[in-house]
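Chemist: As a plain string of letters, each chain reads:
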Amino acid sequence: MSPHLHVRVGVDVPGWQEAIRAACTPLVAAGVVEPRYVDACIDMVRRHGPYVVLAPGIALPHARPEDGVVGVGVSVAVLSFPVEFGHPENDPVDVVIAFGSPDSEQHIDLLAALAGGLAEGLADRLRAASDATEATKLVQEVIEGV
Amino acid sequence: MTKGRAGEPLHVVTVCGVGMGSSLILRMTAEKAFAELGVPARVEATDVSSAKSLRPDVILGQGMHTSEFAGAAPVVLAVSNFVDAEALKRELEGPLREQGWLE
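From first to last, the protein sequence lines are chains A and B. Sequential numbering from 756 applies to the first sequence in this note's numbering. Sequential numbering from 505 applies to the second sequence in this note's numbering.
Certain hints may be false.
[As the list claims (entries may be wrong)] Just some of the chain B residues that point at chain A, by a computed CB distance under 7 Å:
(1) 524
(2) 532
(3) 584
[Said to hold, decoys possible] In silico SDA-like cross-links for lysine to any residue, where the CA-CA straight-line distance does not exceed 20 Å:
(4) 536(B) to 868(A)
(5) 536(B) to 872(A)
(6) 536(B) to 863(A)
(7) 593(B) to 874(A)
(8) 556(B) to 802(A)
(9) 536(B) to 865(A)
(10) 536(B) to 876(A)
(11) 536(B) to 864(A)
(12) 536(B) to 871(A)
(13) 593(B) to 865(A)
(14) 593(B) to 844(A)
(15) 536(B) to 897(A)
(16) 556(B) to 872(A)
(17) 536(B) to 867(A)
[Said to hold, decoys possible] What follows is a list of derived Cβ distance ranges for each label pair:
(18) 887(A) to 513(B): 40 to 48 Å
(19) 558(B) to 794(A): 26 to 34 Å
(20) 858(A) to 535(B): 19 to 27 Å
(21) 876(A) to 539(B): 15 to 23 Å
(22) 535(B) to 892(A): 25 to 33 Å
(23) 551(B) to 861(A): 46 to 54 Å
Just so you know, these hints were derived from the structure itself, not from any lab. The C-beta atom is built at its ideal place from N, Cα and C for all residues, glycine as well.
Same shape as in the complex, but just chain A (with noise of 0.2 Å):
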């Protein structure tokens, strides 16, 4: 089963948290994840630091299987403005991916399809992208086969 797929351009927040919950919100209206996962990703940069921006303006968050993950989904969230996660080196964000998976494996291949196209430039092309549909498009491209 393809994992289920989101993207948002143009979405406006005051800060990292609302950040989190804006690409979060979309898999919960999905039925992919369930509400108190949004609180859980919060929680883990709380905890753990903002280690989610693993590369300069990109934010990944997640929480845990555990958390209430119902199947295996992605949502991208294209930012109007940069906001701080607290990172040293990689602040400011504008684009946030979050995902879910039910367990430990069955979102691999779809990490390392984004892994890929990370490290060959989606961001900027989404931070290019017009409107969502191209957006969508451009991710389902890098993800494709997955």
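Take the given structure of chain A and dock chain B to it, following the hints.
Modeler: Chain B alone, transformed into the frame defined by chain A:
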């Protein structure tokens, strides 16, 4: 016991808070970097608390995590960009040479 280029694979651990997202992406980037350096490595992704008991040869992670690992492995390297294999390769060269794991 010979390790690195001439011997058995290095045990490399990538860390993050959960052990299944960021650290997994760093694992893929590290596998690419070690392969390009020609240094055999077995790379494992894990969360910060499990990494401490593994006693690996190399620990990679964000600086906010690797600071907890001073002395826990011969090479502990802070990595800020988890998707840039070229940068990681450059940063690994010095420490791996120091250990005699890279010519």
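Chemist: For every hint, state whether the structure bears it out.
Modeler: Evaluated hints:
Checking residue 524(B) against chain A: minimum C-beta separation of about 5 Å stays under 7 Å; hint holds. Restraint check, residue 532(B) versus chain A: the minimum CB separation of about 5 Å is within 7 Å; hint holds. Taken as an interface hint, residue 584(B) checks out: its beta carbon lies about 4 Å from the nearest beta carbon of chain A, inside 7 Å. With a C-alpha separation of about 14 Å, the suggested pair residue 536(B) and residue 868(A) falls inside the 20 Å cut-off, and the hint holds.
Only pairs whose Cα atoms come within 20 Å are accepted, and residue 536(B) paired with residue 872(A) is accepted, the gap being roughly 14 Å. Among the hinted pairs, residue 536(B) with residue 863(A) is consistent with the structure: their alpha-carbon atoms are about 16 Å apart, no more than 20 Å. Straight-line distance between C-alpha atoms of residue 593(B) and residue 874(A) comes to about 14 Å, which keeps the hinted pair within the 20 Å bound. Under the criterion of a C-alpha separation no larger than 20 Å, the hint pairing residue 556(B) with residue 802(A) is consistent with the structure, at around 18 Å.
This hinted pair checks out: residue 536(B) and residue 865(A) have alpha carbons roughly 17 Å apart, not beyond 20 Å. Of the pairs offered as hints, the one joining residue 536(B) and residue 876(A) holds, with about 17 Å between alpha carbons and a cut-off of 20 Å not exceeded. Between the alpha carbons of residue 536(B) and residue 864(A) the distance comes to roughly 16 Å, so the proposed pair stays at or under 20 Å and holds. With a CA separation close to 11 Å, the supplied pair residue 536(B) and residue 871(A) stays within the 20 Å bound.
Between residue 593(B) and residue 865(A), the direct Cα distance comes to roughly 24 Å. Violation of the 20 Å bound is thereby established for this hinted pair. Using a Cα cut-off of 20 Å, the hinted pair residue 593(B) and residue 844(A) holds, with the two alpha carbons roughly 18 Å apart. About 18 Å separates the Cα atoms of residue 536(B) and residue 897(A), which keeps this hinted pair within 20 Å; it holds. At roughly 31 Å between alpha-carbon atoms, residue 556(B) and residue 872(A) are farther apart than 20 Å, so this suggested pair is violated.
Between residue 536(B) and residue 867(A), the direct Cα distance comes to roughly 12 Å. Compliance with the 20 Å bound is thereby established for this hinted pair. Taking the beta carbon of each, residue 887(A) and residue 513(B) are about 44 Å apart, inside 40 to 48 Å as hinted. For the pair residue 558(B) and residue 794(A), the beta carbons lie near 30 Å from each other, so the given range of 26 to 34 Å is met. In this structure the hint that residue 858(A) and residue 535(B) lie 19 to 27 Å apart at CB holds, the actual value being about 22 Å.
Take residue 876(A) and residue 539(B): their Cβ atoms lie about 22 Å apart, and the range 15 to 23 Å holds. The hint said 25 to 33 Å for the Cβ distance between residue 535(B) and residue 892(A), and at roughly 29 Å that hint holds. Residue 551(B) and residue 861(A) have their C-beta atoms about 18 Å apart, which leaves the hinted 46 to 54 Å range violated.
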